[in-house]
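First residue of the sequence shown: 1, per the numbering used here; consecutive thereafter.
Be a bit skeptical, because a hint or two may be false.
Claimed, not checked - Below, simulated DSSO-like cross-link-like pairs (lysine-lysine); rule was C-alpha separation at most 30 Å, straight line: (1) K20 to K39; (2) K20 to K65; (3) K65 to K23.
Unchecked claim - Ranges of calculated distance between the beta carbons of each label pair, as one might list FRET restraints: (4) T43 to V67: 16 to 22 Å; (5) T43 to K23: 14 to 20 Å; (6) F34 to A55: 25 to 31 Å.
Calculated directly from the structure, the hints in this document are not laboratory data.
Heads up, the beta-carbon is just placed ideally off N, CA and C, and yes, glycines get one too.
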Amino acid sequence: MARLIHGGVSVPAEVVMVGKRIKIWKIDGIYSIFYGAQKLDVTDPEASELAVEIAQWSTEEVEEKWVGIIDALLAG
Numbered sequence: 001m002a003r004l005i006h007g008g009v010s011v012p013a014e015v016v017m018v019g020k021r022i023k024i025w026k027i028d029g030i031y032s033i034f035y036g037a038q039k040l041d042v043t044d045p046e047a048s049e050l051a052v053e054i055a056q057w058s059t060e061e062v063e064e065k066w067v068g069i070i071d072a073l074l075a076g
């Protein structure tokens, strides 16, 4: 497993999914979605839902759902 420096501390990191528009990492047990210059940390209960979607859905389906969520959050 990879490690990265987060807050001056070495923590475990895993690249979970790489799509055309988003990348999903699991950093120190927390899912982080990278979308352009934006980063969204996903915690439970949504993190459990995301884990199931990553395991059962195609990359395109996961991406479509979460890009929609992030765009709606950014639009305010």
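Report task. Go through the numbered hints given earlier and state which of them the structure violates, listing their numbers in rising order. Result -> 6
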